[in-house]
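Trainee: Fit chains B and C to the known structure of chain A by using the hints.
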Amino acid sequence: MLTHAWIIPLIPAVSFFLILGIGKRLPRGGSEIGLASVAVCFVLALVVATGWIGRVNHPPEAGAVATHVEEVVAQSEHVASGEDPAGTAGSAAEEGHGKETAAAEEGAAATEEGHGAEAGAAEEGGHEGEEVHVTEPVIRNITWFQNGGVDIKVGTFVDGLSALMLVVVTLISLLVHVFSTDYVAGDRRYTHYFAFLSLFTASMLFFVLADNTLQMLVGWELVGLCSFALIGHWWEEKPNSDAALKAFLVNRVGDVGLICGVIVLYFAAGNTFDTVTINTLANEGEIRHFLLLVASLSLMTAVMSKSGQFVLHTWLPDAMAGPTPVSALIHAATMVVAGVFMIARLYGVFFNGLSIGTSNLNVMAVIGAITLVFGGLLAFVQNDIKKVLAYSTVAQLGYMVMALGVGAWTAAIFHLFTHALFKACLFLGAGSLAHPIHSFDMKEDMGGLRKAMPKTFWTFVIGTLALVAVPPFAGFWSKDEILAGAQQLGGPGGYPLMMVMGTLGAALTGAYMTRVIWYVFFGERRGKSATHDMHENGPRIVIPLIILAGFATLAGFTNLPDTGALSFVPESLALRFEHFVEPTAGYFPGELPSFGHPEFNILLAVISTAVGLAGVVVAYLWYFKGMGPHGLTERNRYARAGYKVLENKYGLDILYTDVIAGGTKGPVARGAYWVNQNVIDGVVNRVASSARWSGEWVYRRIDQGVVDNVVKGSGMAAEGSGEVLRKAQTGKVQAYGAYLFLGAAVLAAIFVVIAS
Amino acid sequence: MKDLLNGWGATAAVFLPMVGIAVMMLIPRSEETLHKVVALVTSLAVLAVGIGFLASFDYDKTAEMQFFVNKTWIELINSRYIVGIDGISLPLIALTVLVVPLVIIYSWNHFPEPHNPKAFLMLILILETGMVGTFVAQDLLLFFVFFELVLLPMYFMIGVFGGEARKYASLKFFLYTAFGSALMIVSILATYFLSPVNGAGDHTFSMIALADWGAAGNPLTDGGNLVKATGILVFGGFFMGFGIKVPMFPFHTWLPDAHTQAPTVGSVILAAVLLKLGTYGFVRIAIPIFPEAAKWWAPIIGGLAVIGIIYGALGCLAQTDMKRLIAFSSVAHMGYVMLGISTLTSFGTNAALFGMVAHGLITGMLFFIAGSVKDRFHTLEIKRLGGLLLQSPRMGWLFAFSAMASLGLPGLAGFWGEFPAILSAYDPADGLNVALFRFFMVVAAIGTVFAAGYLLWLLQRVAFGTPSAEFEHEHIHDMHLTDYLAWAPMIVAILVLGVYPGLLFNITDGAVIESLRAIAGSNS
Amino acid sequence: MLLNQFLLLAAVLFCIGVYGVVSRRNGVLVLMSIELILNSVNINLVAFSAMTGAVSGQVFALFVIAVAAAEVGVGLAIVLAIFRNYRSVDLDDVDLMKG
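Those protein sequences? They're chains A, B and C, same order as listed.
Counting from 1, position 119 in the first sequence corresponds to residue 119 in the working numbering; the numbering is continuous, with no gaps.
Counting from 1, position 137 in the second sequence corresponds to residue 137 in the working numbering; the numbering is continuous, with no gaps.
Counting from 1, position 48 in the third sequence corresponds to residue 48 in the working numbering; the numbering is continuous, with no gaps.
No wet-lab data here; the hints were simulated from the structure.
Possibly wrong hints are sitting among the right ones.
What the hints assert, rightly or not - Straight-line alpha carbon distances no greater than 20 angstroms define the calculated EDC-like cross-link-like pairs of lysine to aspartate or glutamate that follow:
id, chain 1, residue 1, chain 2, residue 2
1, B, 2, B, 64
2, A, 238, B, 472
3, A, 727, C, 93
4, B, 383, A, 236
5, A, 732, C, 90
6, B, 71, B, 3
7, B, 167, A, 681
8, B, 374, B, 321
9, A, 727, C, 92
10, B, 383, A, 242
11, C, 98, A, 719
12, C, 98, A, 723
13, B, 374, B, 470
14, B, 61, A, 151
15, A, 732, C, 93
16, A, 24, B, 478
17, A, 238, B, 470
Just chain A, with the same shape it has in the complex (with noise of 0.2 angstroms):
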C-alpha cells in the first residue's frame, strides 16, 4: 500500500465528480458516495499506517532514497560554488553506506546514520539527541510535464509525517460526514456540499502525500478553493459570500509567499521542486544562507495566511459563516494545519534560513507566540461559539508555528494530532448545540443546556479539558511537550519569552473556555434556548463526538516522555509518536544540536497546569460566582477601550476590508481605471480627433486653398485669356484676311533677313 499511496487522493476525487454527476439521483443526495469514499480512504489510510510502522520496526536496506540523496549531495557539488568536497563527499559517503559504520570523517552527521541502520528496529530517540531513524520514506512519482528539459514529477511521498496527516484527515473526514448527514440534512444543497467535501478530501489528501513543492502548491489552492466554496455555501446571502472571498483573497496574498518561496527554492535547488534534494541541500548548507531566509521568509507569509497566524488570521473568524461540520474539518483540523505541515516537511529550509538551532529569537516563534497570545484575547469578546473556538484554533496555530520555530518538530506535529481531535470535538459540539435553534449565540440563545444534552455536555467538557491541557487528556502531553522545548531547545537557557506567552496562553484559555462553558451549559435558558425543545441530538451527531472525546483523553499517550519524573515509563510504550513519525535522517537533520528532544520536566508541567486551572477558576469565579468587578467597561474609560480594542480584533478588519480592499477595488481602480480612459485612451482620441482636424485643415486650406486654386486658376487664366483672344473674332472676313496678310508680310521679311 505504501507503493501505492496515490490511490487514496484519487478515490474521493472520483467521488467528487461522480456525486455531483448523479449525486441528485441517488436517494440519500449523494451523501452515501461521499461517505463510502472517506470510509475506504480511511481503511487504507490505516494499511498505509501499519505499514509504515511495520518499515519503521524493521527497515529496508539503504535503498533508492539514501543512493538518490548521494547523487543530489554529489550535483550539489556543481550547483554550489567554492564548497569543500571533502565534506560533501564525506556525507555522501555516509548516506550511501547506511549499513556500515564509516570511519568518523568530518562532517556532522557520521557515525550515528550508520548506527541506526545497522541496529536493524529503529533505536529510541529522547536522551541525547542521538535519534537516528533511517527509515526511508516511500517516494513513487511519475514525469508531470518537461519545460525547458528540465522534468518536472508528481508522485506520493509516504513517510511518518504523511502516514499520520492521512489517518487524520480520513479520520476527521469520516466523522464529518457522518456527522453532516443528520446536520445538513434538508439543506438546499445537500449534493453540493458533499460534493466539495470530497472535493477537499482529496485536495487535502494529495497535499499531504505531496512529492515536491509544486504538488504542495498546488494541493495548497486546492484546498483555498474547496474552501471558498464550502464557507460560502449559502452564497444566497451576501455575509456568507463576502465571508468566502475574504478567505480565498487573504489566503491569495499568502499565496504570493508561497509562490515566490517556491521559484526560490527550486532554483536554489538547482532547477528541482523535490523536498528531499531541497531538505538535503539546506542541510548539508550547500544553498546560500541568504536564499534559505528569503525562502523561508516568503513561506512564512504563506504560512500566516493559511494558518491563520497573526495579522493574516482574519479570514478565519469568518471563516464560521460556513456550515459547522466545515468548520470543524477545514478550519480546525485539517486545512488550516497545511502551513504547521508545511513547514514540518520542509524543516530543513526553515531551520537553516530563521537559525532556528540558536536561541536567538527568529521570526517563526516570535510569530508564532504573538498569535497565541493575541488570539486568545480576542476570545474573550465573541459572543457566537464558533468565533470563540474560531480564535482559540488560531491561538493553538500559534502554539505548533511557535513550537516549530524553537526546534520543537515532534511537539508541534504532536499537538497538530492532538488539536485535531479535540477541537473537531468541540467544532462539532457547538454544531450540536446550535442544530435545534439554529443559533450559535452564547449570550441570547443559550444556557442551562447541560441537562438537556448530557453527551454533547460531557465531551465538550471533555475537549475542553484537552484543550486547556489538564493531565491526563491530550492536550496537556502536547502543550506540555512545547512549553518544554521552549525551555530547553535552542542552546542554552531556551526560548524564556516563549516559554512565558506559552504558559499565559493557557491562562487565557482555560478562562475563554470557561466562560463559553458557563454562557452556554450554566444558568438560565436564553432566547431561542428557552423556547426551543431542547434534547440531544440523534446518534450520527452524538456518536462522532463521543469517538472524539475518547480521542481526546486517549491520544495524549501515545507520546508519554520517558525521562525527568517519567523515566518510570517502560521504552515499548514511551514516545511512540515520536518514533513512528520523526523525519529519518536521510534527509533530515538528526544532529545539529538543537534539533533535540525536550526532557519531561515535571515543575513546568505543574506549573502549566496551575496556571491553566488559575486561568479557569478566575473565570469560574467571575461567571459562576459574579465575583470581580462586573461592568467595568461601562464605568472606566481605559478597560472600555481595551474592550473596543479586541471587539474591532485590534482593528485589522478594519485596515483590510475598508482601507486595503476597499480602497483598491473603490478608488484606487476608479483613479486607474479614468487614467486609462482620458489619459492614456485620451491620447489615442486626441491622436485621432487630430488626425481628423488635421485632415480637414489640409482639405481645406492646402487642397482647396492652394491646390484647388492653382486647378481653378489655370482654369481662370484660360478664360481670361480667351476673353481677350476672342475679341479677335470679329465674324469678318475682311479682318482675317488682313491678319493673313499681316503674317504672311512678317514671315517674308523674316526669310529675307535670315536669308541675308
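Mentor: Showing chains B and C alone in chain A's frame:
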C-alpha cells in the same frame, strides 16, 4: 495519407474556409439553414485537417518544421509560399480550428442583429483563413498578408453586428492595429534588406532562413554584423506591430471598446485567437531573428507586461459592465504571457505558449457566458445582475468554473500559464538584469491576488446572491443544447490541460528551445 | 527690259489688290481684288520665266488662271448666296462668326 497531409495539409487548412465561402456565395441569403450547414461542414473539415496534423505530427521532432511546403510565389522579391508547422504553431492551430466550429455551433440559433447569417458566417470563415494562415506561414510577406487579413472581417463584425458604440470601436480597432502593422511592414522590409543574399543575389523573406541568420549573429552581406542600434529599431517596429495586437500596456485601449461592442462570437474569436497573433509574432519572428535587440527590449517588454498585469486588474475592479471587465482581464492575462516571453528563457516561453492556449480557452468561455447572460438578461450591467446560480444554475456553475480557471487555480489550465511565467522571471536569460526581473516576478505574483479579487468579486455580484428585483420573476433559460455542444470541448480541454500539462509542454518544449538557441548561444 | 520693272508692276498690282481685299465693303469688289492679286502673281511668274528661259513659269501661270477662274465662280456663288440672305453684299454685315 501522410503524404497528402504533408503536401497539402497546411494549404488545405488555410484555404478550405475560402472554398466554403465560395459555396456560400452561390446560395441565396434566405437559405439560412443551408448556410449554417455549409459553414459548419467547412469548419469541421478544417478541424479534421487539424486533427490530422495532431495525429501525424512527429512528437519526437517538435523543433522541426513539419508539413513543410516551399513553393515559388513572388519571384521578383524572393518572397516564397513557405508554410510549415512545428511545436510552437501546432497548439495554436489546434486552438483555432477547435474554436471556430464551436463558435458556429453556438451561433446556430442566435445571430446578432442585423440578422444576416450568410454574411456573418462568411466573416467567420474569412477570419479562420487569416488565423490559420498566420500560424502556418513561414515567409514574412505571407505572414503579413494573413496577419492583416483578419482585420477586415473583424472590422465588419464589430461595425455591423456590434453594440451601440460599434462604429467608434470598430474604427478604433482597425486603425490602431493597422498603425502598428504599418510600422511592422517597415521592419519587415528592413529585415529583408538587411538579410544576407542567397546565391542568386536575392535577400530573403523566409522566416526559417532569417531565424538561422539571427542565430548566427546577424552577419551582414558586406561584412560585419548588424549594428545594435539598427536591430533595436527594427525590433521596435515589430514590437509596435505585435505589441498593439497583444495588447500591451499602454497600447491596449482599443481592446475594451472592441470587446464590449463586438457580438459574442466576435469577442470570443478576438480573445481566443486574434490576441495570440501578436504574442506568436514575438516568439516566432521578432526574438529569433533579432536576439541582441530582443535582449535590449526585454526589460521594457517585461516592465510593460507587469504594469499591464496590475493595471489591467485595477481596470477590472473599476468596471460596471461585465464584458468590459473580462476584456480588461485579457490585458492582465496577456501580461503574464508577455512576461514569460520577455525572460527569453525556454521555461518562460513554454509558459507563454501554454498561457496563450489556456487564455484562449478560458477567456473564450467567459465571453461565451457573458454573451449568454446578455441574451437572457439583455444587459451586462453588473449592478442589475445577480443570482445567476439560482436562475440558471448550470450556466452559473460554468461561470464559477471559468472564473476559477481564469484566476489561475492549479488543476485547471490557467495555472500552468501563470506560475511557470512567474518562475521564469526569477532566472532570466544571460545578459538581462536579474534584480529587475525578480522585481517583476514579485509584482506578477502580487497580480494573482488582484486576479482573484476582481474575478471573485464579479462572481459574487453576478452569480451569488439573489436575483435583483428587475429579473426575479423572469423565466431565465438555462443552457441550450447548442451551448452544451459548443462549450463542452473547451471545458474538457481546460480540465485536461490543467491536470496533465505535459500534453502541451511536451509539444512546445523542443521547438521553444530551438527558437531560443540564438539567445542561449550568444552572450554566454 | 529689266526684270525689276515687271516685278515692280506686279508688286504695285499686289498692293492694290491687298488694299482692295482688306478695305472694300462690297463683296464683288473683294473678289475683283483677289483677281488682281492672282494676276500680279501671274505677271511675276511670266517675268521670271522670261528671264530664265524655263517654260515652267508660264505653265504655272496657266494653272493660276484656271484656279482663279474656278475660284471666282465659287466666290461669286457665295456672294450671290450672301445677297439672297442679307439683301446686300456689304461684308461688314456678315459677322455671324463673331466670337
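Trainee: For which of the previously enumerated hints does the structure constitute a violation, in increasing order of number?
Mentor: none
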